[in-house]
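J.: If you want the building blocks of each chain, they are given just below.
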Amino acid sequence: MSAISEIKIEGAALAARHRVRRSPLTWVRGGGLSTLLFLLPLLVVFGAFSWYPIARSVVMSLQHTNLVTAPTWVGLGNFSAVIHDPLLPIAVKNTAYFALLALIFGYPIPLIAAVLMSEVRRGRGLFSALVYLPVVIPPVVAVLLWKTFYDGGSVGVFNTMLGWVHLGPYPWLQSQSWAMPSLVLESTWANAGATVIIYLAALTAVNTELYEAAAVDGATLWQKVWRVTLPQLRGVLLVTMILQIIGTAQVFLEPYLFTSGGPANSTLTVLLLIFDYAFGNSLGGDYGKATALSLMLAVFLALFSLAYLRATRSWSDE
Amino acid sequence: MKSIRLAAGVAVAGLLAVCATTAALGSATKSVTISVASLIPGSTPAAIQQFNAQVAQFERKNPSIKIKPVEYQWTAPTFAAKLAANTLPTVFEVPFTDARTLGDNGQLADLTAGAKALPYFSKYNKTVLAEGTDSKGRVVALPKGAYAQALHYNRKLFAQAGLDPNKPPTTWAQVAKDALAISQKTGKAGYVEMGKDDNTAGWILTTVVYTLGGRMEKGTGKDAVATVDNPQTVAALNMLHHMRWVDNSMGSNFDYGWSDINQAFAAGNVGMYVSGSDVYTNLVQASKIDPSVYGLAALPLAKNKKAGVLGGGTLVSVKPTANAAEKAASLKWIDFYYEAPLVSKGRAVANAKTLTANAQPVGVPALPLFNKAQYDLANSWIKPYINVPIRQMKPFLTDVFNQQLIPEPAASTQSVYHALNAPVEAVLTDRNANIPALLKQANQAAQQAISTGS
Numbered sequence: 001m002s003a004i005s006e007i008k009i010e011g012a013a014l015a016a017r018h019r020v021r022r023s024p025l026t027w028v029r030g031g032g033l034s035t036l037l038f039l040l041p042l043l044v045v046f047g048a049f050s051w052y053p054i055a056r057s058v059v060m061s062l063q064h065t066n067l068v069t070a071p072t073w074v075g076l077g078n079f080s081a082v083i084h085d086p087l088l089p090i091a092v093k094n095t096a097y098f099a100l101l102a103l104i105f106g107y108p109i110p111l112i113a114a115v116l117m118s119e120v121r122r123g124r125g126l127f128s129a130l131v132y133l134p135v136v137i138p139p140v141v142a143v144l145l146w147k148t149f150y151d152g153g154s155v156g157v158f159n160t161m162l163g164w165v166h167l168g169p170y171p172w173l174q175s176q177s178w179a180m181p182s183l184v185l186e187s188t189w190a191n192a193g194a195t196v197i198i199y200l201a202a203l204t205a206v207n208t209e210l211y212e213a214a215a216v217d218g219a220t221l222w223q224k225v226w227r228v229t230l231p232q233l234r235g236v237l238l239v240t241m242i243l244q245i246i247g248t249a250q251v252f253l254e255p256y257l258f259t260s261g262g263p264a265n266s267t268l269t270v271l272l273l274i275f276d277y278a279f280g281n282s283l284g285g286d287y288g289k290a291t292a293l294s295l296m297l298a299v300f301l302a303l304f305s306l307a308y309l310r311a312t313r314s315w316s317d318e
Numbered sequence: 001m002k003s004i005r006l007a008a009g010v011a012v013a014g015l016l017a018v019c020a021t022t023a024a025l026g027s028a029t030k031s032v033t034i035s036v037a038s039l040i041p042g043s044t045p046a047a048i049q050q051f052n053a054q055v056a057q058f059e060r061k062n063p064s065i066k067i068k069p070v071e072y073q074w075t076a077p078t079f080a081a082k083l084a085a086n087t088l089p090t091v092f093e094v095p096f097t098d099a100r101t102l103g104d105n106g107q108l109a110d111l112t113a114g115a116k117a118l119p120y121f122s123k124y125n126k127t128v129l130a131e132g133t134d135s136k137g138r139v140v141a142l143p144k145g146a147y148a149q150a151l152h153y154n155r156k157l158f159a160q161a162g163l164d165p166n167k168p169p170t171t172w173a174q175v176a177k178d179a180l181a182i183s184q185k186t187g188k189a190g191y192v193e194m195g196k197d198d199n200t201a202g203w204i205l206t207t208v209v210y211t212l213g214g215r216m217e218k219g220t221g222k223d224a225v226a227t228v229d230n231p232q233t234v235a236a237l238n239m240l241h242h243m244r245w246v247d248n249s250m251g252s253n254f255d256y257g258w259s260d261i262n263q264a265f266a267a268g269n270v271g272m273y274v275s276g277s278d279v280y281t282n283l284v285q286a287s288k289i290d291p292s293v294y295g296l297a298a299l300p301l302a303k304n305k306k307a308g309v310l311g312g313g314t315l316v317s318v319k320p321t322a323n324a325a326e327k328a329a330s331l332k333w334i335d336f337y338y339e340a341p342l343v344s345k346g347r348a349v350a351n352a353k354t355l356t357a358n359a360q361p362v363g364v365p366a367l368p369l370f371n372k373a374q375y376d377l378a379n380s381w382i383k384p385y386i387n388v389p390i391r392q393m394k395p396f397l398t399d400v401f402n403q404q405l406i407p408e409p410a411a412s413t414q415s416v417y418h419a420l421n422a423p424v425e426a427v428l429t430d431r432n433a434n435i436p437a438l439l440k441q442a443n444q445a446a447q448q449a450i451s452t453g454s
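Chains A and B, in that order, are what the protein sequence lines are.
All residue numbers for the first sequence refer to this note's numbering, where the first residue is 1 and numbers rise by one.
All residue numbers for the second sequence refer to this note's numbering, where the first residue is 1 and numbers rise by one.
Chain A on its own, in the form it takes in the complex (with noise of 0.2 Å):
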């Protein structure tokens, strides 16, 4: 044995030996109180809003609940259900595209609208307010406004501009091939604000002297943007991007309010199918299936999240 391998060892011993001999009042000295003090609140309302809420959709997602007369256990049974519901293959599709759509049109949108702003010598502040401006309107009352503007007669606002250039009216929502694109777009101007925010601010971290001798080597705006802003980013930018698809994945409020997920469930997204569980029937729905796919939905985000950032890991140590 080595004299390393020896130290080692008494030093385990000694850990050991002070671990046994610690008594409540030295755990009390030592501030162990007043830690478990401050931690108290935390652990109660994250305790009480988080992991009983989890621990609970596990117990319910084995149940067969109206929440109103007692439970029955199912076992897999509402997983079993979910799998061979013809609805989730279409719901998830569904989602995919939403997903993706928002990937390649609300991705890069604040970006490019962040590195614009980052440019503009006067006035940044107002347009910094113009474009945060739709994340303060409330989501609902902004869907309202969108639906008005999505009216599919000649008369609605996006059809009355279009049609002073010869084009429409278009079936913004009553379109099952339509619909989707609009939601996006929709989904975009609400919430791209405060991704550009986040992207000002990174770019203001930026250290200045990157530009400087970029400018002196001659560099392009595009070749600043290429060569400094976006290597300058990437941690910020595979943040955003994974939080993301974790948005897009759980998309609701949009089809739920434009669509209901029609037409012909062309809209009809994963987590508007758990909503449809659990109260689309008015005699009280199956929470059981609801939590299932909650269930199911949240363990393979974790996975995704898991692998994205496991495969991005070398790109954002660089």
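Don't read these hints as lab results, they were simulated from the structure.
Among the hints, erroneous ones may be present.
Said to hold, decoys possible - Here are the computed lysine-lysine pairs in the BS3-like style, where the Cα-Cα straight-line distance is at most 30 Å:
{"hint": "1", "chain 1": "B", "residue 1": "Lys116", "chain 2": "B", "residue 2": "Lys156"}
{"hint": "2", "chain 1": "B", "residue 1": "Lys383", "chain 2": "B", "residue 2": "Lys126"}
{"hint": "3", "chain 1": "B", "residue 1": "Lys332", "chain 2": "B", "residue 2": "Lys345"}
{"hint": "4", "chain 1": "B", "residue 1": "Lys332", "chain 2": "A", "residue 2": "Lys147"}
{"hint": "5", "chain 1": "B", "residue 1": "Lys372", "chain 2": "B", "residue 2": "Lys383"}
{"hint": "6", "chain 1": "B", "residue 1": "Lys372", "chain 2": "B", "residue 2": "Lys66"}
{"hint": "7", "chain 1": "B", "residue 1": "Lys123", "chain 2": "B", "residue 2": "Lys394"}
{"hint": "8", "chain 1": "B", "residue 1": "Lys61", "chain 2": "A", "residue 2": "Lys147"}
{"hint": "9", "chain 1": "B", "residue 1": "Lys305", "chain 2": "A", "residue 2": "Lys147"}
{"hint": "10", "chain 1": "B", "residue 1": "Lys66", "chain 2": "B", "residue 2": "Lys218"}
{"hint": "11", "chain 1": "B", "residue 1": "Lys440", "chain 2": "A", "residue 2": "Lys93"}
{"hint": "12", "chain 1": "B", "residue 1": "Lys440", "chain 2": "B", "residue 2": "Lys305"}
{"hint": "13", "chain 1": "B", "residue 1": "Lys303", "chain 2": "A", "residue 2": "Lys147"}
{"hint": "14", "chain 1": "B", "residue 1": "Lys116", "chain 2": "B", "residue 2": "Lys394"}
{"hint": "15", "chain 1": "B", "residue 1": "Lys116", "chain 2": "B", "residue 2": "Lys61"}
With chain A's structure known, arrange chain B on it following the hints.
T.: Then chain B, alone, in the frame of chain A:
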């Protein structure tokens, strides 16, 4: 010693007597507060005022009961959520389709004893009362109103399109023809149907299928067989497809729900639509319709022995957690507000006076909750106060009592409607919708719902 025991005994007995008397007096004067469903959100101030006037009358008559009105509109998702969260008002309304199952599930209070004590209980139409009686024979809900589906039409648009407002269509072919004329000559939607995913699309499709002689299921309970892919449903959807894609007479909005379609109609943007015969109240209370444009007709029936008109209605119930005092107070309110105006001349007249004083509709066509004679008698009591455009409702009132009334599908009603939403939406939004394939899929979904009792 004996005298001490006797004195102690007398003292204890006296004390108990005092306590008992105090308790009795206390219970006699103890007030109880119940929350009750009032009007739908967005009702006009005048409508709210008349409701509050009714509450004041009730509280004067029952000083120990306090009424707390709560805005209420039955929709499938909000009802299920409120039911699960126990946030429904003490007294609330449910459609005919739900009460029995909710009663069987223990989700409604047992009103049997109190209901049977009502003087007019034995006079209820047995079929209507059965909608609020669970499988164990317990009365869990009392009828509020019954309706027959009807064709609502805009007389002004009819006139502008060169049609006779006094001669509404009597066949579906005429509906399509008139709708085309309205859309071409006025630019408004000639005929629209509810097409929302909240089960209203399936409800109206079922209505049209009934008029053609079709049925959505056979049998009862979990053994019922779904038949939504019947030839009449195919015909109904083909008719819709023709009006939407060939005639283009249905306007540009195809996702109307119950409230939206009423608003669009009251705003003068819709020529014709199908809904319950009692919708006029909502058109006044929530959408301020101009009464002069309103027209009501019976639904066109195919020349088919099975063709009939879908009838439904609303019941009023009490939440299962109500205690005995709340239940008793709730029954008094149900008697006062919902039932007595139909059977008591005094209450009928008082109710009509309150409504007219607040410019609210009196005399909206409905179906009898008791029998036709009682219905006519109640209408004769309030005749001086009738303020709805009754002449414009004549086409409906003339025909409806000769039509065969068919109840909504009995097994898994809302789920069957839910399964039918997608075919209606597909036909309205996809020119190439494959109707037989859509109905085959809907039939599978409906059958699954029926078999699992969901």
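J.: Does the structure keep lysine 440(B) and lysine 93(A) at a Cα separation of 30 Å or less?
T.: Roughly 22 Å between the alpha carbons, so the hint for lysine 440(B) and lysine 93(A) holds.
J.: Given the proposed pairing of lysine 440(B) with lysine 305(B), does the C-alpha separation stay at or below 30 Å?
T.: Judged against 30 Å, a Cα distance of about 26 Å means the pair holds.
J.: Regarding the pair lysine 66(B) and lysine 218(B), is the alpha-carbon distance no greater than 30 Å?
T.: 46 Å, violated
J.: Holds or violated: lysine 123(B) and lysine 394(B), Cα atoms, limit 30 Å.
T.: 28 Å, holds
J.: Hint check: lysine 303(B) vs lysine 147(A), CA-CA at most 30 Å. Holds or violated?
T.: 42 Å, violated
J.: Need the status of pair lysine 383(B), lysine 126(B): alpha-carbon distance at most 30 Å?
T.: Satisfied, since the Cα-Cα distance of roughly 27 Å is no more than 30 Å.
J.: Run the distance test for lysine 332(B) versus lysine 345(B): straight-line Cα separation, threshold 30 Å.
T.: With Cα atoms ~17 Å apart, lysine 332(B) and lysine 345(B) stay inside 30 Å; holds.
J.: Checking one constraint from the list: CA of lysine 116(B) to CA of lysine 394(B), max 30 Å. Satisfied?
T.: 36 Å, violated
J.: Check whether the Cα positions of lysine 372(B) and lysine 66(B) lie no farther apart than 30 Å.
T.: Violated, at about 35 Å.
J.: Under the criterion that the straight-line Cα-Cα distance not exceed 30 Å, is the pair lysine 372(B), lysine 383(B) satisfied?
T.: Between lysine 372(B) and lysine 383(B) the Cα gap is close to 16 Å, so the pair holds against 30 Å.
J.: Are the Cα atoms of lysine 332(B) and lysine 147(A) separated by 30 Å or less?
T.: 44 Å, violated
J.: For the pair supplied as a hint, lysine 116(B) and lysine 156(B), confirm whether the alpha-carbon distance does not exceed 30 Å.
T.: Outside the cut-off at roughly 48 Å; violated.
In summary, the structure is inconsistent with hints 1, 4, 6, 8, 9, 10, 13, 14 from the numbered list given earlier, while agreeing with the others.
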